[in-house]
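Visitor: Taking the hints into account, I'd like the entire structure generated from these sequences.
Number of protein chains: 2
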Amino acid sequence: MTGSFRLERLAGWGVTAASGFLAGATYAGIKGEHAAFKLDLGLLYSEVPADSAGMFTTSRIPGQPVKVSRARVGRPVRAVIVNSGCANVATGEEGLHNALEMTQLAAAKLGIDPMEVLVASTGVIGTQLPMDRIRAAVPAIVLSREGGADFARAITTTDSRTKEIAFEVWTGAGSFRIGGAAKGAGMIHPNMATMLAFITTDAAVAPGFLQACLRDAVEATFNQIDIDGDMSTSDTVFLLANGTSGTGPVDAGSPAAEAFRTALNEVCLHLAREIARDGEGAQHLIQVTVGGARSLAEARRAARAVASSVSLKAAVYGRDPNWGRVVAALGASGVDLDESRLTIRLGEFTLFREGRPVPFDREAARRYLESPEIEFAISLNLGPYQASAWASDLTEEYVRLNSVYTT
Amino acid sequence: MTGSFRLERLAGWGVTAASGFLAGATYAGIKGEHAAFKLDLGLLYSEVPADSAGMFTTSRIPGQPVKVSRARVGRPVRAVIVNSGCANVATGEEGLHNALEMTQLAAAKLGIDPMEVLVASTGVIGTQLPMDRIRAAVPAIVLSREGGADFARAITTTDSRTKEIAFEVWTGAGSFRIGGAAKGAGMIHPNMATMLAFITTDAAVAPGFLQACLRDAVEATFNQIDIDGDMSTSDTVFLLANGTSGTGPVDAGSPAAEAFRTALNEVCLHLAREIARDGEGAQHLIQVTVGGARSLAEARRAARAVASSVSLKAAVYGRDPNWGRVVAALGASGVDLDESRLTIRLGEFTLFREGRPVPFDREAARRYLESPEIEFAISLNLGPYQASAWASDLTEEYVRLNSVYTT
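Residue numbers (the numbering used here), protein chains in the order written: chain X, 980 to 1386; chain D, 980 to 1386.
In case anyone wonders, no lab produced these hints; they're calculated from the structure.
Take the hints with a grain of salt, since some may be wrong.
A pair holds if it fits inside one copy or across any two, identical chains being indistinguishable in the list.
When the alpha-carbon atoms are kept at most 20 Å apart in a straight line, the in silico EDC-like pairs for lysine to aspartate or glutamate are as follows [claimed, not checked]:
{"hint": "1", "residue 1": "Lys1046", "residue 2": "Asp1315"}
{"hint": "2", "residue 1": "Lys1046", "residue 2": "Asp1317"}
{"hint": "3", "residue 1": "Lys1046", "residue 2": "Glu1318"}
Guide: See the structure below:
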């Protein structure tokens, strides 16, 4: 069933690369005066109803927008409204009403049904949205194909840059586009790490297959990144497919299924890596690859455990090839392993082979740790499965950003 | 079965407070030249065989001393040998032989069977012990009642101070003593967080009851502390009971059972809190108490989750009453909860009550966060169970200590 296909990156494009999608953003003043003129309210619109899929935080205290969107996703939708500066979490009934009103405001502007609108928020926990400002601002949003960049900017908080990607996907059955934007695990105000991602395609994708593809892609990418170990109340990934490319319907057995899966994975992988790379105060992107695991779940868990090690992240910041911390994190991960089969590499340096430390050039390893991207490659030598995880390093700047804040 | 009893703290005493225990330490040079004259090899000795209990790391890559001691604990023992500066982890067969030889060296010095010796190590992972230095140093250790303080010093790594505690326990059936020493989650060299604790008593305690009491105490104390989320390869707690106090045997139904349990819990609680307070770079001891849980396990899990939140630790460092991070950590803990029943307090300030933010005096809360000990008190309002967890805050100093190290 696998046809040949080709991906071509569309530089400078994100959520509006796919046909039929428009976006825009405005400054509503949600972050208060000190953030004057920073875009903080974005709107994404599909000219025709789009099938939708979503993945959300598993927090037991999800944000109010998560509650609203979780109930709507899976059906055809027309728009997504999103704000930064206030996460609308732990805000009680008032907060739930406000999340619903955000969808009503977008619907009124667009002349569509509020049930066709998804909503997401990111920012401070425990404060109410300034609804008067949002009511005034929604009508001011101008939608366009070029508005994708503004939309990407409006969702950022302490991100140092926007995160966008788009591809044209050439298949035997014609071409379609897929693109997206994400915001990283930055603290806002500084209050809450979170991630949001919005992905659009003009492929026509069967709803069940759309959700299955998104789940698989998220598990391999967004769920494998770690900035500070904190799971957010607001994590949300939306995928909208409006079918306007004119290529045939994509379903599990269709010729374009593999092309679609691959392109979606590439979009998620790019955005996930950019989030990790841009972790607060980060100097390095750390990739941890674990091979030789007995199952995919164990490979992912082991990679995540190593990538999440606070002391390893600090060591990377200090350019210290401190593989003992890899051993500690692996041992604590709960994953099945046999010390006498374990091998650990850092870049091209083998540090530990089959249960024994290997002498290596520490000075050269230290120089390797100056690279912006560094990789730990671990083999458990127990089975055929492999997975990766990504993290930022832990820097003094991270602590400063998340602490030295006068209330 | 509960008799009345009274605890009296014995200031300045630790592992040798109980009768029949001697200790000592020496400088073996395990940490290398830059740590010259820092005690790094300790020996604890019971003049008569002592029943023993132990709790160990659940790491899948435990240190070689853990493997040796785990097989011996539970039977009568006479001595414990311990070194700092090298954890003897991920060192293959050579490391296992070295751990065994440490017990042989102690046994030869003391004229006892090596099987009666327990061993523990803390420090760098992945390097071999300098056995020549250890062979030369063991005979130089001088044992005495006064040597408990040296023993406590010999187990420290980056701890800023030693951690010791002892009590005289007065019961209707006579009095006994219990005391202990611990090392904190400091990185050595700086390489590996770990904790070790050694507890001695001259009560006569039935072996099965001894292990049960230790397990319960460890679960409520040492297993509820968090410095940086990293579980060590070397975590070890030993409890030795030599029965020389002359008070009757302590077993589950005996008059002194409650006194013994209480005293052991107090020893573990004190040492655990001191470890958290002395976390690397720490400025605050954070206590998190979760009440109203449906089970003890859920109360402990929720308290641990909040105490482990990296972003909350950073907020405490910055004196920011940032309760949104408590919400995020609770939500992510996986514990059963109902947002509309949840209440969160910081010291005397109620921040969130039954699903709604409560206005509070942020400036006064900020001043409260200057205190050396701060407490978050959370009620889930779902059941009768309560538990606490303890943590240090996350400071720029922590990152510096764990990163800026030239290999």
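Visitor: Does each hint fit the structure? Answer for all of them.
Guide: Consistency of the hints with the structure:
Taking CA atoms no more than 20 Å apart as the test, Lys1046 paired with Asp1315 passes between copies only; the shortest distance there is 17 Å, against 36 Å inside one copy. For the homomeric pair Lys1046 and Asp1317, the shortest alpha-carbon distance between copies (14 Å) is at most 20 Å, but the shortest distance inside one copy (43 Å) is not. Proximity of Lys1046 to Glu1318 under the C-alpha cut-off of 20 Å is restricted to the inter-copy arrangement: shortest distance 13 Å between copies versus 44 Å within a copy.
Of the numbered hints stated above, none is contradicted by the structure.
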